[in-house]
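Keeping the supplied structure of chain A fixed, place chains B and C upon it in accordance with the hints.
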Amino acid sequence: MDIQEVVTEMGRTRGFSAVLGIALILSMMIGISVPGSAAAKPRVAIVFATGGLGDKSFNDSAYDGMKRAEKELGIEFDKVEPQAVAEYETLLTRFAQTRKYELIISIGFDQADALQVVSARFPNQKFAIVDTAVDAPNVASYVYKEAERGFVVGAIAGLMTAKKDDPRIVSGKQIVGVIGGMDIPLIRANVAGYIAGAKYVNPGAEVKYVYVGDWADPAKCKEMANAMLDEGVDVLWLAAGRSGLGGIKAAEERNRYAIGADSDQGYLAPNHILTNGMKLVDRTVYIAINDVLKGQFKSGVNMLGLKERALGYSKSLVPADIISQVDKLASRVVSGDIVVPDEIDKVEPWLKSQGK
Amino acid sequence: MDLSGDRSSKLSKRSIEWLARPGFSRFMYSAVAVLLALLIGAILIGASGYSVKEAYYNLFMGAFGGVYSLATTVVMSTPLLFTGLAVAFAFQCGLFNVGAEGQLYVGALASAVVPLALGGLPPVLRVTMGLLAGAGAGAAFGFVPGYLKAKLGAHEVITTIMLNYVATFLTTFLVKTYFRDPGPVDQTVLLPLGSRLPELISGTRVSLGVIIGVLAVALLNQVIRRSVLGYEIQAVGKNPHAAEYGGVNVSARTIQAMMISGAVAGLAGSAEAMGTLYRFIPYFSPGYGFTGIAVAVIAGESLWAVIPAALLFGALQSGGQSMQLFAGIPMELMTMVQGLVILFVAAPALASMLIKRKSSSEEGGGRA
Amino acid sequence: MENITKRFGNVVANDAVDFDASPGEIHCLLGENGAGKSTLMRILFGLCRADSGFIYVNGEPATISCPRDAIALGIGMVHQHFMLAERLTVAENIIAGSEPRRHGLLDYERARQKIAEVSQRYGLAVNPDAMVEEISVGQQQRVEILKALMRGARVLILDEPTAVLTPPEVDELFSVMRALRASGTTIIFITHKLKETMEISDRVTVLRDGRTVGVEKTSDATSDGLVEMMVGRSLPIHDDHRAPAQDIISLELKDVSVAGRKGSRARLSSVNLAVRRGEILGIAGVDGNGQLELEEVATGLRRPSQGKLIINGQDVTGFDTKRIRDKGVAYIPSDRLKRGMVSPFSLARNSVLGMQHSAHFSTRGVLQEDVVREHAESIVDLYDVRAESIDQPIGSLSGGNQQKLVVGRELTRPHSVVIAAQPTRGLDVGATHYIREQILASRNRGKAVLLISAELDEILELSDRIAVIYEGQIIDVRRAGQYTERELGLLMTGQRNGV
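Chains as they are written, first to last, in this note's numbering: chain A, 1 to 356; chain B, 1 to 368; chain C, 1 to 499.
The shape of chain A in the complex, shown without the other chains (with noise of 0.2 Å):
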């Protein structure tokens, strides 16, 4: 007899029997009571963007602060990986029925939309965003003040560049470079903090810098790369989301250095990342979490930097000399000393009354 004799035999006479049997199978495996509500400490929830975890970028490093919270803060937490942006919205309702989440998490900007839905739906709930801003009494957002992590690595490339004895600086030129995925005002102001950066450690050194006017295009990006490293650029910063895929494999073909962005992507290429523009998820998911527990929940944009460790950098390939001017650097930025401009054209005029 073959499966399906057997199962239209099922299906024909002995049907009922048949789910009836199956049925009594599972119920004993499922057992009929209800899992009861188990401990009494805080819970948090979080819905990860949809790349799903694994993305070795927002979501693993989001998990990675939800884990430590866990360990250091005392929380359990249930997490959520979305298939499509369409689930959002569900996701987040579902887990704002149920009342017993301390906190509701969203990674990643394009949950914004649902949200604002959803914040709006449960006023009594506690949402946190993560790098981008929703405006409802309810909803805590992260962002971060891009100028900064621009201006460490920018000031990392101006003083590589000057190393005309490391083998990857070849045009001795002085030249860096940064590609922004978008022309939108959050880009601008990591160009404007990385241009900033360069000029303030080496006022010699020119910055170049372009937009794809794509998140995905890893070809396009990976053209304008090369453009760039005709021209002479030896160190390029790559914001460009997805796109920078391209210009990280130019650099490397061309054997000249490139920053990564946002996680660490060393492994892209390992030999040639010298540092990475890092937006530190984990160490903002923690901070949430800290701030609900607290009871510092605090509704409206917050704006998180070097000072929250919520930016940072890499060490990757970075010469410890260079480590320790930068951290120096980086210090001055967190007492205050330093103001890093967030607009490119606030630049010059900044890097001057700087007295360089």
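There may be inaccurate statements among the hints.
[Claimed, not checked] Computed beta-carbon distance windows for the label pairs:
| id | chain 1 | residue 1 | chain 2 | residue 2 | range |
| --- | --- | --- | --- | --- | --- |
| 1 | B | G183 | A | G52 | 40 to 46 Å |
| 2 | B | S251 | A | D64 | 56 to 62 Å |
| 3 | B | F169 | C | V137 | 52 to 58 Å |
To be clear, the hints were calculated from the coordinates, so they are not data collected in a lab.
A virtual CB, placed ideally from N, CA and C, is assigned to each residue, including glycine.
For chains B and C alone, kept in the frame of chain A given last:
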């Protein structure tokens, strides 16, 4: 040689009988298959170290426990209702429309853009025009493979698969180039309230789309059962030679069936764009067009059966969410359980369909 | 064979059947399709096992569970569909499975010698070195017979051997059979054709519905008696009241050609035919000589590469099937399953195929279900279609009942021309008789009938005039009475000389 011939004809006869049996036993069969899939899923979940009890409790509650869960099941079923219907309708004409995914994308973009351009019109008209635009765009993307099949004999499976790429890339390109909402995300501008499909139950996103879907099933069912067009489309699907003999314009019916199928798949996109997302977002679909194939295969010959089949998948999706949310089952395990259900419910139906197709072309020899 | 019973599911194929054949006789196993003839012989050859009953060979009880057992007992079988490897030579096919060996190697020479010897003895001339795919169907059949004889068959089962042969080939087969009989071989000849039974057999066993209904010496039997046994009733004689033929041409093909595939000869070349009101023009010919192209051209399913199609005086060349049929063409297609019906559709839906768009059955694009059902009911009544309901799929009916519905549908639609292609192919005697009557009745009502058939009997029985088609050409047209059967047979194989 003779023996194998005997066996396959016996098999096919049995499967025809099976398909011809009344709806109840078909329903019974599906119930057995779902339970069997859940049983194996339970073993896998247990073996992976998760609590089967918790997993299935959440699966059930997530799909049926309470208004919001039920509503979510409906919301998740809505696009599948359309794509399932689209594929099932093409089946009636013997066409395998693998292109519902692409048709959905062009439909969604059209519906997300056209109402914006009609700001001055009253909402009813704006919404209607949005739906028509979605259906029209889908129909246009159905026309191409239909035409290629009818005039050049290009197999629709291949052309529709290729058009899926065209559709997803084309819509992404159009959004980036012409219809982009200023801001960090590639997407169109949010539709204003008067350009959206009204929400039926407030706060659930259950929109008018589901009603339109059920009406579309009813309408196409009537077309198939009662109209000359449906008669001819079915004749082409079941025996194109006989259709030709019966004076049917096989090319025209092929193109029309593909266009209707495309229009319905386009409406799946409209329902998503105008009833759920309120905008177009590139790559928004988690494969509604492909799941629609599974829905259509389960539904088999009956268009009405698309409704319960779509609900089944909607329930799995909606329950699967809860399973992930509250039982911590990783997405992969959840997807696997869904895959098992498709396998058990759809595979025999698919097999018998294939056998039937084969046997109807070979019938001549077998009969005395 | 004693008391053989075989069931397939609920169907009893053989119900306590007794059968015996003596050495050196040609024993005819006669019966309608589905009477259980083939099943009985498949049991004897070990292709299936009886549920109960006994088999004796030469008086000894025998257990036959596979063809090898049967061959060992001296039983050979030639199937309707040959089982030959097309890419091997005749000799290779014959020895396959029982290769003579020398030093473990194939002894091809000895095999050839043996084949030549046996084929000479029985007048079974074949060329042992020819490729099977290159020789004619009749020769392939000889190869099958030789194969059985070489394996020492003393009992030879021939399953409908004449179905695939031309009349001259049938004559040759019969002389081979007589030679075999003379050498003491028993031949069991499965057929449903009466004429052949009367001509060749010594004894006849008639099966009906799985039971033996009679065993007679052929010399004592009459055709009518055998038909009654087969069908279970006597058949009425054709009604011959007819409207006089008129000299008005309803269907005309003028100089029609259909090109073949690149490089091969034309399928039809310069065919001229005219069918008048109230006459049946029969097209005689061996299958595959352009009949299919002829029927398709006449109904618009295929466009001629040259020539004109004229229906009721109007040039309809290049019209599609719908428009041609709407001019009043009823069409019984040669391939019922492929063309004539949609198997999964109900009888009701099939009853309007080709008329679904007519104002009678649909209004504003909606089928009028009541009218359709009424129409189907009336065809089922009028044309004696045996079905449980008009809602069952037509594919579930027997071939004969399917064909009756097709014929009924075509002859009830408004028409002036009937194109009937192989109208009784594969049907049993009862259904064949019935359908032939309907075609005659149609002619008698003044319709112009183009009858295309590979059955010479059918052509002779029904036609007023007969045209012979050979390799795509009409090589002769005469009034029916002006041919002898032998002449027609020769013409059909392209032998114009000697006529």
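Of the hints given before, which are not true for this structure?
-> 1
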